[in-house]
Every structure is written in C-alpha cells, then in structure tokens.
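Colleague: With the hints as constraints, model all of the structure from the sequences given.
Sequential numbering of the sequence shown, starting at 6, is according to the working numbering.
Take these hints with a grain of salt, some might be off.
[As the list claims (entries may be wrong)] Here are the simulated DMTMM-like cross-link-like pairs (lysine to aspartate or glutamate), alpha carbons at most 20 Å apart as the crow flies:
no., residue 1, residue 2
1, Lys66, Asp53
2, Lys77, Glu50
3, Lys66, Glu83
4, Lys170, Glu145
5, Lys138, Glu152
6, Lys150, Asp139
7, Lys150, Asp173
8, Lys77, Glu62
9, Lys77, Asp53
10, Lys170, Glu122
11, Lys150, Asp46
12, Lys77, Asp46
13, Lys150, Glu118
14, Lys170, Glu118
15, Lys140, Glu118
16, Lys43, Asp53
17, Lys138, Glu83
18, Lys150, Asp131
19, Lys138, Asp158
20, Lys170, Asp131
21, Lys43, Glu152
Simulated from the structure, these hints should not be mistaken for lab results.
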Amino acid sequence: MEISAGIQASLSGRYASALFDLAAEQGTVTAVESDLAKLSDALAESADLRAATTNPELSRKAQGAAMAGVAKLLGLSELTGNFLGVLAANRRLGELPAIIRAFRAIAAAQRGEVSAEVTSAHALTDAQLAALKDKLTAREGRTVKLETRVDPDLLGGLVVTIGSKRIDGSIRTRLNSLAHAMKG
6 MEISAGIQAS LSGRYASALF DLAAEQGTVT AVESDLAKLS DALAESADLR AATTNPELSR
66 KAQGAAMAGV AKLLGLSELT GNFLGVLAAN RRLGELPAII RAFRAIAAAQ RGEVSAEVTS
126 AHALTDAQLA ALKDKLTARE GRTVKLETRV DPDLLGGLVV TIGSKRIDGS IRTRLNSLAH
186 AMKG
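Modeller: Below, the structure is given as structure tokens:
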C-alpha cells in the first residue's frame with residue numbers, strides 16, 4: 006500500500022503509520038479505527054480530556070495513567086490502549102487529533118476510499134447526500150466517504166473539499182466574484 010509522502014513526513018503521520026502497520030498485522034484495522042473514532046468524540050466532548058493530553062505540567066506517568074483509564078472507560082482495544090501509553094511516554098498526546106486524522110487517511114487509502122468534506126448552507130437530505138456521493142464517486146473513480154458540515158454563511162450551494170481539491174459552488178463565492186468583477 007502506498008502512503009502519501011506528506012503523511013509519512015509528518016510526526017503524526019509516522020505514529021499513525023506505525024499504528025496502522027501493527028493493526029494490519031493483527032487484522033484489527035477496523036477495530037482500531039472505531040477506537041480512534043470514540044477517542045476523537047471523547048476529545049471533542051471533554052475539555053478535561055483535552056487538557057490532560059496537552060498539559061505539560063502532568064508527568065508522563067500521570068498522562069499514561071489517565072490514558073489507561075480513558076481506554077478502559079471507552080472500551081478500547083489492547084492495541085489502542087498500548088498506543089496511547091506509548092504516546093504518553095513519548096510526550097506526544099498533544100498530537101492525538103492529527104494522528105487520528107492521519108490514521109483515517111491511511112485506512113481510507115488502503116480501502117480505496119477518499120474522504121470528501123461537504124459544507125452546505127442547510128443540512129442535506131439523505132437523497133441529496135446519496136446523489137452527491139454517486140456523482141463524486143463517478144468523478145473520482147473510487148468510493149467517496151462524505152463528511153458533512155453546515156455553514157449558514159454560505160447562503161446556498163455547496164463547498165466540496167476532496168484532498169487538496171476544492172469545488173466551490175456557494176452563493177457567497179459567486180456574489181463575491183460578481184462584486185469583484187463590478188469593481189472593475
């Protein structure tokens with residue numbers, strides 16, 4: 006499997022790549038990906054957990070104990086729990102969100118998927134999401150996994166980001182372009 010050079014070059018990418026390799030050896034990539042999703046949700050919900058991962062005043066041992074407790078509480082696999090212990094021992098827990106993103110990218114690439122972030126002015130219906138997914142899959146030539154966000158500032162339309170490509174069909178951008186053209 007080919008991993009992009011950008012992921013491999015970053016610190017978080019190297020950790021994510023090492024975790025992916027271990028998970029692939031054990032046949033637990035899906036379980037680890039699920040564990041990381043739970044961990045990502047926990048980080049998003051808990052300011053205390055975020056503080057525990059980034060506080061330089063906490064010792065490595067204290068961070069390791071905190072992560073072991075979190076792993077047990079969330080029911081994470083042994084591999085993921087051990088990985089969190091390694092991150093704590095190496096003072097790299099602050100990189101956890103970036104490591105999770107890199108792991109997801111590696112796992113998606115391994116499955117032949119690509120992630121697309123879709124930002125719309127209003128929540129899209131299931132039918133609209135299905136049609137968009139079909140069109141993007143045909144355009145990209147591989148399975149597209151959609152992540153949706155709502156941003157009322159767009160006024161209408163969509164902004165789709167796939168990797169480094171951006172398709173901006175928002176009304177806000179069209180109005181800005183028109184205003185710029187009218188200035189002369």
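Colleague: Against this structure, judge whether each hint is valid.
Modeller: Results for each hint:
no., hint, verdict
1, Lys66 with Asp53, "17 Å, holds"
2, Lys77 with Glu50, "17 Å, holds"
3, Lys66 with Glu83, "18 Å, holds"
4, Lys170 with Glu145, "11 Å, holds"
5, Lys138 with Glu152, "11 Å, holds"
6, Lys150 with Asp139, "10 Å, holds"
7, Lys150 with Asp173, "18 Å, holds"
8, Lys77 with Glu62, "23 Å, violated"
9, Lys77 with Asp53, "17 Å, holds"
10, Lys170 with Glu122, "11 Å, holds"
11, Lys150 with Asp46, "18 Å, holds"
12, Lys77 with Asp46, "15 Å, holds"
13, Lys150 with Glu118, "7 Å, holds"
14, Lys170 with Glu118, "15 Å, holds"
15, Lys140 with Glu118, "14 Å, holds"
16, Lys43 with Asp53, "16 Å, holds"
17, Lys138 with Glu83, "35 Å, violated"
18, Lys150 with Asp131, "14 Å, holds"
19, Lys138 with Asp158, "23 Å, violated"
20, Lys170 with Asp131, "24 Å, violated"
21, Lys43 with Glu152, "16 Å, holds"
Against the hints set out earlier in the document, violations occur for numbers 8, 17, 19, 20.
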